[in-house]
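Protein chains: 2
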Amino acid sequence: MLYIVGLGLGNEKDITLRGLEAVKKCGKVYIEAYTSLLSFGLSSDGLSTLEQLYGKLITLADREMVEEKADEILSEAHGFDVAFLVVGDPFGATTHTDLVVRAKKMGVEVKVVHNASVMNAVGVCGLQLYCYGETVSIPFFTETWRPDSFYEKIQRNRILGLHTLCLLDIRVKEPSLESLCRGRKQYEPPKYMTINTAIEQLLEVEQNRGESAYGEETDCVGFARLGSEDQKIVAGTMKQLQMIDFGTPLHCLVIVGKTHPVEDEMLDFYRLKGESLEQIGNRQ
Amino acid sequence: MLYIVGLGLGNEKDITLRGLEAVKKCGKVYIEAYTSLLSFGLSSDGLSTLEQLYGKLITLADREMVEEKADEILSEAHGFDVAFLVVGDPFGATTHTDLVVRAKKMGVEVKVVHNASVMNAVGVCGLQLYCYGETVSIPFFTETWRPDSFYEKIQRNRILGLHTLCLLDIRVKEPSLESLCRGRKQYEPPKYMTINTAIEQLLEVEQNRGESAYGEETDCVGFARLGSEDQKIVAGTMKQLQMIDFGTPLHCLVIVGKTHPVEDEMLDFYRLKGESLEQIGNRQ
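As they're listed, the protein sequences go chains A and B. Using the working numbering, you'd call the opening residue of the first sequence number 0 and step up by one each time. Using the working numbering, you'd call the opening residue of the second sequence number 0 and step up by one each time.
Among the hints, a few may not be true.
Copies of the same chain are indistinguishable here, so a pair counts whether it falls within one copy or spans any two.
When the alpha-carbon atoms are kept at most 27 angstroms apart in a straight line, the in silico DSSO-like pairs for lysine-lysine are as follows [said to hold, decoys possible]:
id, residue 1, residue 2
1, K104, K24
2, K184, K272
3, K27, K104
4, K103, K257
5, K23, K68
6, K152, K110
7, K12, K55
8, K272, K68
9, K68, K55
10, K184, K152
11, K12, K103
12, K24, K12
13, K152, K12
14, K190, K24
15, K272, K104
16, K238, K23
17, K12, K23
18, K55, K27
19, K12, K27
20, K184, K12
21, K238, K152
22, K68, K238
23, K68, K190
24, K184, K104
25, K55, K103
26, K104, K257
Quick caveat, the hints were computed from the structure, so don't treat them as lab data.
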């Protein structure tokens, strides 16, 4: 049996009782490294908080390992119980869907333990989840690669009065260009897009397109470390949020559509109210 | 402090360790009755599984109570710790947003403990969450009230190739028409919309509109008791799903948009494959 267990968003305490029970009976426990290292404050040699809680050794599985060694992991799951831990809910990312497909093809039974994900936890700011349009991803721009397909999607959502969740790029274990040229793998340090960079890129694209899908005065909500004890949520215009230091990753951004009165009331609690930047820095 | 704690989707084991910790330190514990009675197999005099797990008495709070007695609940939370338990994630429904707004206005501190909700758990069928458009609600049609504003939304999503999550109506503690006329409150028995009724209504609206937003051959995924041990997920055309008995509530329905290959592969596992209806009935 392969258990795919969502860990939620904050720390080791966000696992469910059902999830913990599953992990405790597994002979082998993997954790996906793509976002977990960060959200759970883990380092590659420091899984100890989780290991203590579970009473198990945990193997860190990066994307490469999941993609290359999936069959190995899955053959273990043929004989006995294996857990694969995922930050958030198991089906936030395509990689995990792919693992399930492979498992089912190999005849390995799969059980999923759900948990909170960014996709539903953004509801905390008061904007109703059923009033969101299509979610967009904002990739890091490079000198030569500045894809802006998110622009039409945001534009469409805004015309319909819908909110837009923007997921911000994460680059973990990217081979460096130099190392690729030399033929041996070396990795860039991990990079997580901040709300500031996201807004900068969004405004650059608006300037190029000039169709007024949004602008400096467009209302947004910035989320840092959503679901954790020190989460920070601030509502304000793009221009205002661009000035704020949201602190350590992960960040995400919501572009506000047409609001209902109860949404407005709730947003107001997160809104900038003449506070100094320092005060905002201390606000949770 | 007011703790708003998401219970997740299945049973008492779907609370997180963080949520359980919060509940255990609260002097008073409320649970919203709107969906919890059902999902957690509770009756109004049978909260015992949860009460045993928490070691606390739990007060059942129906919508009327939350709306009418919110101030009372919140003044308790001024002095000591109060928990308000919600099935799924706390921000699936507007009622809870309203409770938070009132709390903040009264100066009561609020902490939210997130959990899985239908909005993210539908990811289990393999359709990627970022490829969903606006969510729609399908209300029970009556003789005189047959609102169909969901039609344009589904149409828009399908034109864009996006999937549509349809939330199906729940009627709990509705005053009966007869009792309203007589001036004393009596309630209709609770009603939960099945996938079959939802599809019947969807097809009726399509027949009236005739704009081919969808039809009998449109691919869908039906979910019953999502996230619980006996969940049932079946992919098929509207016509096919209409023939299936999905069993006890809650049900929801996804209308499939344009799919990617990995989405197709995953959907295939849930697809009808010449099974008899009885076999499907036994499938989880």
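Measure nothing new, just compare the shortest in-copy and cross-copy C-alpha distances for K238 and K23 to 27 angstroms and report within, between, both or neither. For K238 and K23, neither the intra-copy (48 angstroms) nor the inter-copy (43 angstroms) Cα distance is at most 27 angstroms.
Have a look at K152 and K12 and pick one of within, between, both or neither, based on CA distance no larger than 27 angstroms. neither (36 angstroms within a copy, 38 angstroms between copies)
Is it within, between, both, or neither for K12 and K23, if the alpha carbons may be no more than 27 angstroms apart? For K12 and K23, the Cα distance is within 27 angstroms both inside one copy (15 angstroms) and across copies (14 angstroms).
Intra/inter-copy verdict for K238 and K152 if alpha-carbon distance must be at most 27 angstroms: Classified as within; 21 angstroms inside a copy, 32 angstroms across copies.
Pop the pair K152 and K110 into one bin, within, between, both or neither, using alpha-carbon distances up to 27 angstroms. Intra 34 angstroms, inter 33 angstroms, cutoff 27 angstroms: neither.
For the identical chains here, do K68 and K190 meet the 27 angstroms Cα criterion within one copy, between copies, both, or neither? So K68 and K190 pass the 27 angstroms test inside one copy only (25 angstroms; across, 48 angstroms).
First find the shortest C-alpha distance between K68 and K238 inside one copy, then the shortest across copies, and answer within, between, both or neither for a cut-off of 27 angstroms. Neither. Shortest intra-copy (45 angstroms) and inter-copy (41 angstroms) distances fail the 27 angstroms Cα cut-off.
Since the copies are identical, ignore which copy is meant and state whether K104 and K257 lie within 27 angstroms (CA to CA) inside a copy, between copies, both or neither. Result: close only across copies, 23 angstroms inter versus 45 angstroms intra.
For K184 vs K272, is the C-alpha pair at or below 27 angstroms within one copy, between two copies, both, or neither? neither (49 angstroms within a copy, 45 angstroms between copies)
Can you tell me if K68 and K55 fall within 27 angstroms by alpha carbon in one copy, between copies, both or neither? within (21 angstroms within a copy, 46 angstroms between copies)
How do K12 and K55 come out at 27 angstroms by Cα distance, when the copy is not named: within, between, both, or neither? both (16 angstroms within a copy, 21 angstroms between copies)
Is it within, between, both, or neither for K24 and K12, if the alpha carbons may be no more than 27 angstroms apart? both (18 angstroms within a copy, 15 angstroms between copies)
Comparing the model with each numbered hint stated earlier shows that hints 2, 6, 8, 10, 13, 14, 16, 20, 22 and 24 do not hold.
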